[in-house]
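Student: All chains should be modelled from the sequences, with the hints used to inform the complete structure.
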Amino acid sequence: MPVFDYSLLLKGQYHDMLVAGLVLSLQLAAATLVCALPLALLVALLRLAPAAALRWIGFAYVESIRNIPLLAHMLFWYFAAPELLPAGLKAWLYSGNIEAASAVVALTLYTAAYMSEDIRSGIRAIPAVQFEAGRALGFGFLATMRRVILPQALRITVPPLISQTLNLWKNTSIATVIGAAELMYQAGQVESATFRSFESFAFATAAYLTVSLAITGLAAWYQSRYPSRTA
Amino acid sequence: MQRRLFTALLAAGLAFAGAAQADQLADIKQKGRLVVGVLGTDEPNSFLDPKTRELVGYEVDLGNAVAKALGVKAQFKQIAIAARIPELQQGHVDLLAASLTHNKEREAQIDFSLTTFVTGQKAMVRKSSGVKDVPELAGKRVLTAKGGTQEPNIRKAAPTAEVVTYENSQQAFLALQQGKGVAYVNDELSLLVDIAKLGPKGQEYTMLPTNLSIEPLALGIKKGEAGLKAVVDETLRALEKSGDAEKLYMKWFGPGTKTNSNTRSFKFETDKIAG
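Here the protein sequences come in this chain order: A and B.
Taking the numbering used here, the leading residue of the first sequence gets 13, the next gets one more, and so forth.
Taking the numbering used here, the leading residue of the second sequence gets 11, the next gets one more, and so forth.
Just so you know, these hints were derived from the structure itself, not from any lab.
Treat the hints with care, since some could be wrong.
Derived lysine to aspartate or glutamate pairs resembling DMTMM-like cross-links, with alpha carbons at most 20 Å apart [to be verified]: (1) B:K114 <-> A:D28; (2) B:K232 <-> B:D33; (3) B:K166 <-> A:D28; (4) B:K232 <-> A:E203.
Tutor: Spelled out as structure tokens, the structure:
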């Protein structure tokens with residue numbers, strides 16, 4: 013049985029490749045999180061809006077995005093969508109890191125669809141009387157949401173949002189099919205170059221596991237520090 | 011009593027261990043079929059005929075010839091470029107006929123049959139890009155498929171080029187057409203087929219003159235399977251002697267095909283490679 017060669021992972025060219033992949037995965041996840049949370053909040057509020065047209069827009073977004081696999085999103089935003097842009101913008105985009113950009117767009121839309129549903133559930137968990145009280149005080153829909161409902165709702169929503177973040181972290185691996193040089197891509201490259209599949213994928217597994225456990229630890233800390241207050 | 015049980019188990023264990031080392035050739039004959047791993051996306055080595063939707067190609071024909079020599083049926087399994095060697099090593103396929111380059115690094119992993127094809131790896135660019143030869147690719151984006159010999163060859167030829175790899179060569183070619191990179195690297199014959207597929211738009215593309223490498227392609231056999239290798243090499247020598255090897259080359263690469271080559275520059279004669 014071949015010997016497990018640790019030196020491959022700890023220093024040298026292949027170690028650098030794997031670490032670069034890990035860094036890009038973290039960057040993809042962070043960029044997506046920063047963009048997806050506001051978008052998710054917007055879509056959740058759209059779904060709860062008083063105007064039916066706005067509710068329909070929110071519904072259409074969530075249903076169309078959620079029901080298509082992330083792989084299809086990735087391939088669409090990389091091969092199909094950029095082709096529709098005007099030539100000047102397209103050339104500028106292609107000269108940069110189009111792979112990472114397409115991956116972030118696909119991941120943002122996908123993650124925001126799921127997160128918006130979690131936020132909407134959190135808002136609905138607040139008793140309706142809170143909203144009525146806010147309106148009775150003269151606040152409009154958005155003002156009531158901002159001042160009364162969301163501060164309470166977000167505390168309840170954080171655990172499901174953290175589990176969506178966990179999903180997001182794992183979903184960054186799908187960017188490998190569009191050529192983004194993230195962790196799974198680099199693990200595959202190292203494996204092709206050295207024929208050492210066990211070592212390269214062990215590194216990838218350990219990296220994913222470590223960050224996932226850190227995210228889960230964060231969830232546990234948050235729940236003990238800020239337990240949800242019942243009404 | 012326990013000692014007897016232990017000894018019996020030990021004997022049984024050793025007997026099974028012996029059986030596990032059984033010759034793959036005998037296994038294939040017993041199963042009645044030869045599982046051949048092919049790419050299915052590399053015209054004309056192995057590809058799906060657009061009209062009949064069947065797997066056809068130069069290497070498919072070679073696989074069928076080997077199966078016939080063994081007296082079994084050939085079963086073709088489509089596999090990804092990066093999965094070729096692992097699938098062979100794990101025994102999911104018996105033989106690889108998947109545009110497999112024979113090089114020194116791989117000799118440590120698997121055995122190779124006689125060289126069945128010789129091609130060069132080249133880069134294709136748009137004529138409008140102004141790139142005249144491989145050294146000018148420095149610092150530019152080069153596209154290719156992942157898991158093959160293209161990427162290491164690019165890095166050797168143009169160390170500062172930014173290599174982007176995709177799941178298969180067709181996606182890489184699409185990305186070149188879309189302008190996501192300056193050059194697309196693959197073996198020369200696949201490039202000729204790709205240009206031909208574009209029809210009149212193929213005029214916009216040209217191949218850079220320098221070869222990134224000379225690639226001898228061969229069939230892949232699991233390491234240590236001398237029996238199977240003997241049969242495969244024997245089959246290839248018989249094809250060469252009877253003139254079928256020449257006919258096969260002309261059928262897939264000769265005049266009238268997309269490659270339109272007039273002469274075959276190699277024979278099925280050796281499994282030794284240069285360097």
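Student: Now tell me if each hint is right for this structure.
Tutor: These are the hints, each one checked on the structure:
A hinted pair counts as satisfied when its Cα atoms are at most 20 Å apart, and K114 (chain B) with D28 (chain A) does not qualify at roughly 25 Å. For the proposed pair K232 (chain B) and D33 (chain B), the alpha carbon gap of about 11 Å is at most 20 Å, so the pair holds. With a CA separation close to 18 Å, the supplied pair K166 (chain B) and D28 (chain A) stays within the 20 Å bound. For the suggested pair K232 (chain B) and E203 (chain A), the alpha carbons sit about 19 Å apart, so the restraint of at most 20 Å is met.
Hint check: a violation occurs at hint 1 only; the rest are consistent with the structure.
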